[in-house]
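Given the coordinates of chain A, assemble chain B onto it according to the supplied hints.
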Amino acid sequence: MSHYAATSTFIVAAFTRQQEGGEVIIGLPAQGVFLALPPDAVELLDQLREGRTLAEAEAFYVSKYGEVPDAQGLIEALEPRGFLRDATRAVTAQPPPESAPRTDPVRYHFAGFPRGLAQALFGPWALGAYGALIMAAVAAVVLRPSILPGWSSLAVSQHMTVTLLVLLALNYGMLFLHEMAHLVAARAVGVPCRLGISHRLWILVAETDMTGVWGIPRRQRYLPFLAGPLLDLVLMALSLLTLFAQAQGWVSLALQTQWLLRASLLMLAFRVLWQFQFFLRTDMYCVFVNLFGCKNLMGDTEALLKHRVRGLLRSRPPEGDPLEAVPPAERRVIHVYAGFWVLGRLLAFALLFGVQLPVALAYVRSIHHALASPGDHVYAVVDALVLGTVGLGTLGVGLFLWLRGIARDRSGRKRAAAALSQTVALE
Amino acid sequence: AMKKFTIREMETVKTTAAYY
Numbered sequence: 002m003s004h005y006a007a008t009s010t011f012i013v014a015a016f017t018r019q020q021e022g023g024e025v026i027i028g029l030p031a032q033g034v035f036l037a038l039p040p041d042a043v044e045l046l047d048q049l050r051e052g053r054t055l056a057e058a059e060a061f062y063v064s065k066y067g068e069v070p071d072a073q074g075l076i077e078a079l080e081p082r083g084f085l086r087d088a089t090r091a092v093t094a095q096p097p098p099e100s101a102p103r104t105d106p107v108r109y110h111f112a113g114f115p116r117g118l119a120q121a122l123f124g125p126w127a128l129g130a131y132g133a134l135i136m137a138a139v140a141a142v143v144l145r146p147s148i149l150p151g152w153s154s155l156a157v158s159q160h161m162t163v164t165l166l167v168l169l170a171l172n173y174g175m176l177f178l179h180e181m182a183h184l185v186a187a188r189a190v191g192v193p194c195r196l197g198i199s200h201r202l203w204i205l206v207a208e209t210d211m212t213g214v215w216g217i218p219r220r221q222r223y224l225p226f227l228a229g230p231l232l233d234l235v236l237m238a239l240s241l242l243t244l245f246a247q248a249q250g251w252v253s254l255a256l257q258t259q260w261l262l263r264a265s266l267l268m269l270a271f272r273v274l275w276q277f278q279f280f281l282r283t284d285m286y287c288v289f290v291n292l293f294g295c296k297n298l299m300g301d302t303e304a305l306l307k308h309r310v311r312g313l314l315r316s317r318p319p320e321g322d323p324l325e326a327v328p329p330a331e332r333r334v335i336h337v338y339a340g341f342w343v344l345g346r347l348l349a350f351a352l353l354f355g356v357q358l359p360v361a362l363a364y365v366r367s368i369h370h371a372l373a374s375p376g377d378h379v380y381a382v383v384d385a386l387v388l389g390t391v392g393l394g395t396l397g398v399g400l401f402l403w404l405r406g407i408a409r410d411r412s413g414r415k416r417a418a419a420a421l422s423q424t425v426a427l428e
Numbered sequence: 035a036m037k038k039f040t041i042r043e044m045e046t047v048k049t050t051a052a053y054y
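Going down the list, the sequences are from chains A and B.
Each residue of the first sequence is one higher than the one before, starting from 2 at the first, in the numbering used here.
Each residue of the second sequence is one higher than the one before, starting from 35 at the first, in the numbering used here.
Keep in mind that the hints were calculated from the coordinates and are not lab data.
All clues stand as given, with none of them false.
In the DSBU-like style, the derived pairs of lysine-lysine whose C-alpha atoms are separated by at most 30 angstroms in a straight line are: (1) Lys-307/A to Lys-38/B; (2) Lys-415/A to Lys-307/A; (3) Lys-38/B to Lys-65/A; (4) Lys-65/A to Lys-37/B.
Where chain A lies over chain B, by a calculated footprint (3+ residues, C-beta under 8 angstroms): (5) 36 to 44; (6) 47 to 53.
From a predicted model like this one, the values you see are computed outputs, not experimental measurements.
Where a beta carbon is used, it is the ideal one built from N, C-alpha and C, also for glycine.
So here's chain A without its partners, still in its complex pose (with noise of 0.2 angstroms):
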């Protein structure tokens, strides 16, 4: 533990501030680091940054609430995560343990996306052009309501390796100008991003880590959070207002085309719908934090739950309150999504056991029967090798990134609990 001395002062590193709630969202975008403190723990660390010394800071503590601040305590939280560093140690600073959080800048992707470009495809003008397109093709439905596809669609009556690898192709393509759409609206904002892939539950997913939100006023935050699935929407109407244009008779288009534009408008629907599974973290998700005000929603959610397992495991409630640290009107929202949280997962599992996994034997019988016939046509057995390796390799991908999460996680926690009964030894 540090002690830093009463004549003590601080170089504090420039950090964005946002008040919400009763609390001041104090960051580091190019860490990645955002906490919530009381506002006038803030007004301590504004002492500090104007060059006061820490007995100084105390004493206007003292002044204005009459109270002895914890100043220690809150610069030992602070310093290990870059939002000051003692002045006097600078020099011979020692490096941070190992178990200090990381405060190495971030890498951000496309950092060097031009911010003008970047408003202008989020700008009132752009975004009347994305509704008016959506309203048109809603429109085009009313009229010809054939031009939705449905799954029937979905049959391939040849080249269906070649079909089925284009639309993979479409399928990525997609996948990478909705992810785009974020960092693009988020650039908008000024908010770095990065790119990547993981997993929700044993769900493949691609992801934009764009944390770095919490530095801007709350109302901005929304057209980042919801520039995907409008890219999807816009993309949706651009398909549906083709195929509008070809029963219409104005265009002509290849069969193969008119394929790929059905699949693609089922591909795109599913993603919009996948948005709402907020039990996950999905782009819903970060609307709902948003609109209710929420610091770490999941993780005070998850936190919760154990606890309750805990205690039904036990005969005795288990000491302690979970959420001790966060406000009445945060604690209401994280007991109401606990419940969603629990029926999404039961869900997500029946449809795992009942479809998923189901649809994965069949692939796997059918990859089976194509090698185990020589006889049937060369092109029948290829095509039973492709779809079988795409579609058992999305789901076998996400299976495996998900068990291997819970697997760290549960040797994460015996480390830490070996390591805390070493101590209590040492003691």
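Coordinates of chain B only, in the frame set by chain A:
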């Protein structure tokens, strides 16, 4: 025994698109 400050770490914000 002093005025305590509660510091909460903000969660990471990650938007997604599923491969499934």
